[in-house]
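Chemist: What follows is each chain in one-letter form.
Number of protein chains: 2
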Amino acid sequence: MTLYLDLAELLGARIEQGLYRPGDRLPSVRALSVEHGVSLSTVQQAYRHLEDHGLATPRPKSGYFVPLSRHTPALPQVGRAPQRPVDVSQWDNILELISLPPGSDVLQLGRGIPDISSPTLKPLLRSLSRLSRRQSMEGLSYGCIHGDPKLREQVSRLMLDSGCQIPPDEIVITTGGHEALSAAICATCKAGDIVALDSPSFHGVMQALKGFGIKALELPTDPLSGISLDALELALEQWPIKAIQLTPTCNNPLGYIMPEANKRALLTLAQRYDVAIIEDDVYGELAYSYPRPRTIKSYDVDGRVLLCSSFSKTLVPGLRVGWIAAGRYQPQILHLKYIGTGMTAQLPQLALAEFIAAGHYEPHLRRMRSQYARNRNRMTDWVSRYFPGGTRVSQPHGGFMLWVELDSAFDSQQLNRVLLPHKVQIAPGSIFSAAGKYRNCLRLNYAAPATTELEEAVRRVGAAAGELLAELRRTD
Amino acid sequence: MTLYLDLAELLGARIEQGLYRPGDRLPSVRALSVEHGVSLSTVQQAYRHLEDHGLATPRPKSGYFVPLSRHTPALPQVGRAPQRPVDVSQWDNILELISLPPGSDVLQLGRGIPDISSPTLKPLLRSLSRLSRRQSMEGLSYGCIHGDPKLREQVSRLMLDSGCQIPPDEIVITTGGHEALSAAICATCKAGDIVALDSPSFHGVMQALKGFGIKALELPTDPLSGISLDALELALEQWPIKAIQLTPTCNNPLGYIMPEANKRALLTLAQRYDVAIIEDDVYGELAYSYPRPRTIKSYDVDGRVLLCSSFSKTLVPGLRVGWIAAGRYQPQILHLKYIGTGMTAQLPQLALAEFIAAGHYEPHLRRMRSQYARNRNRMTDWVSRYFPGGTRVSQPHGGFMLWVELDSAFDSQQLNRVLLPHKVQIAPGSIFSAAGKYRNCLRLNYAAPATTELEEAVRRVGAAAGELLAELRRTD
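Quick note, the sequences are listed as chains A and B, same order.
Its first residue numbered 1, the first sequence is counted upward by one per residue in the working numbering.
Its first residue numbered 1001, the second sequence is counted upward by one per residue in the working numbering.
The shape of chain A in the complex, shown without the other chains (with noise of 0.2 angstroms):
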């Protein structure tokens, strides 16, 4: 273990002992640098890994403290069991979300954007700059269909981190996530066929159901451990399921991670009926804890798991691209793809290649999950202190999105159209289920670094939270 690790357990333990009471002002870093004997460095990073797991709140020009013992609010209740596979709905919705031009001065609290002011980013950057000026066939004309051979290999290594050994041959770049998993549900089912779905759920897939005409059967799913095993196995037994699909590592929008038993016991369960699984891992490798969990995938035998993802949410959206590791359907993933986009654009994925290549990858990762998790804890503070009394929050352990849920008569949608004036946008609840459940519940994007601009917004959504809600009572 390294040094800052044992400081920190130390210290952490010392505070679970009650030896620092909350509000305490913690030791300076200077002193428990001369008392521990190790450099000022160590006990900075000590103090961080302490923030991550939310055990110490610096506090600027005074040190590092206690955090004041605060509520902590209640988990999101779990979803009914389900009626029955439904068409999906809600796109007027999702529309409004992203009709809005990137350099629109709405505040965008509601999509899902990571943070890409990191520094860490600039490597990617000037490998894209350089390879766009070069006027070479190998960036400006058609690529492999499958993707970039130096893309493909540099992926392969990244899953191995998942516990997948996948060879390059078998991945297939793709058009960021959206046409993975697009191409991924094409693959497996047909108009009428029906997936089961963990609830709430993605939405991009949720409409990619419906311009397929493809069925949803919403299942329980808790947001902790994730889809209800019993109801999904109730639902194997009861509808001719073709494939389900989930994002069991680092939710969205619960941000729970299924836990490894789970996730075999899943597979097992999908073995037993012959359905397909697609997995959704492109928040995966944000997991706050280390090493990041494995994938269903990575215990698939029989090449039933359709692994997707993308670079969109762990460096930037813009440069659209992702992967998929479709198993044995992988020639129909290459026949989609070809007439979805002909081809993945090139310059990004090699600038993509060289930046993983070059070891810059691994260290942005490490800064944005450690900035995630310490702004998890701020964002849930937030929530707490400007949200009506009762609004429940999910407990992400990894990714950037806290789910919100507040009394069963609230109205995200109503919500958003209150904040409009005020330039600020959330994503409704609605848009997570196929039938548009989770009305009262909202997501809210924590990926950017504070400000008072950013808690000055979240204020106002809890405040005009509790309006709405208010009004509701008086009217009731």
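What the hints contain is simulated information worked out from the structure, not anything from laboratory work.
Watch out, some of these pointers could steer you wrong.
[What the hints assert, rightly or not] Subject to a maximum C-alpha distance of 20 angstroms in a straight line, what follows is the list of computed DMTMM-like cross-link-like pairs (lysine to aspartate or glutamate): (1) K1242/B <-> D1302/B; (2) K190/A <-> D1087/B; (3) K423/A <-> E138/A; (4) K150/A <-> D1105/B; (5) K423/A <-> D105/A; (6) K1423/B <-> E138/A.
[Said to hold, decoys possible] In silico negatives: residues of chain B with every beta carbon more than 10 angstroms from chain A: (7) A1031; (8) P1058; (9) T1072; (10) S1289; (11) H1364; (12) G1466.
[Unchecked claim] Not the full set, but computed from the structure, chain B residues with beta-carbon under 10 angstroms of chain A: (13) G1103; (14) R1126; (15) R1133; (16) Y1142; (17) G1143; (18) S1312; (19) L1336; (20) Q1346; (21) P1348.
C-beta atoms are modelled at their ideal positions from N, C-alpha and C, and glycine is treated no differently.
Based on these hints, arrange chain B on the given structure of chain A.
Modeler: Same frame as chain A, now just chain B:
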């Protein structure tokens, strides 16, 4: 009329009248400059123009000559009347073409790759490189689903040249032309429907039909005037056709430009039978004549034409930027785009908008049109010279593709197998037919500037074709 055109017309008339005979040296640039009192560059421009029209040939350090009276090869034959709608085949043959990585040492004479070595592309690469360095939300985050507003404005302006007055908000930017065409098909048809096509036709579209379970009805197509309107009318009478898909301007692979009267008549037929038209205009701006031909879309009054295009043939394919003006189908297109790719990458859109706004696009097009017109003449010469007697050849009026038809017993897939060890690849004709017709045809790319290597490759293709034919005749 400008000076150089006056002079070109005069010289052209003299050549056609036989004052200068095939093989004759034409007057020197200097002599003409003195004789007509115009600048040297005006004379050079005039010769360039004659060269583009096949009336003059430069010989290094010797000046311009009247081309040797060459045998103009016969045109390809018109396909037979359609049998019935069919399921599309041929995927494996296409997969072979698109699996080569761009760095491969195989000379890809079969793919639709423009010449990307022109210096007129430099400002585009500079823009892209500069924009790539900026760590901005505008370039790196999710854009608006419709595409970047600045680029849509430029595309709207460009479309005026083809007679279309389409406001920017009726244009959707897509990830290449593939996404536009694929979405157009999905928006107008569902599984089991029938689409009428020109024939031979672009394989990308036919594979999309295959992917979506839609049947293809291939109609007889004249190598100079395009799809047979009589056959189309008969087909519309006989089958429940949902859409007509065609490339009427600088057709791929035949290179013809459908006459304006035919375009109007086709629209009238579509209105009468209430079917959609999916118009692929991806080569339209590469028509050798100026001004560029009108699109069918330019006559559209009720939003039934879905105009699909891209910068993949006019600039570079690797940026993956296309667009669609989908008329009444725009809402469906937005949904399909969202589920297909989520959005189109921002950086290439911003770079393209800059490039066009700064006035770099028109000069580039002029240069490429003229280069491709010259290359067409040369490639036609080479094929006449190196291919077996009786070979038929298209007469492209735009783009950079030559369609070559050999003896009906010939097999161009076999030709590719023979060429494999020689590192040359052609596009076998069968991929341009839903039913695998045109096995005796092939498509050659003449975009690249002439080199001895290129001529040698064409010679080798011709020789290999000759040997295969001779073998066929021996075994007959």
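Chemist: Checking against the hints above, which ones are violated?
Modeler: Result: hint 3 breaks, nothing else.
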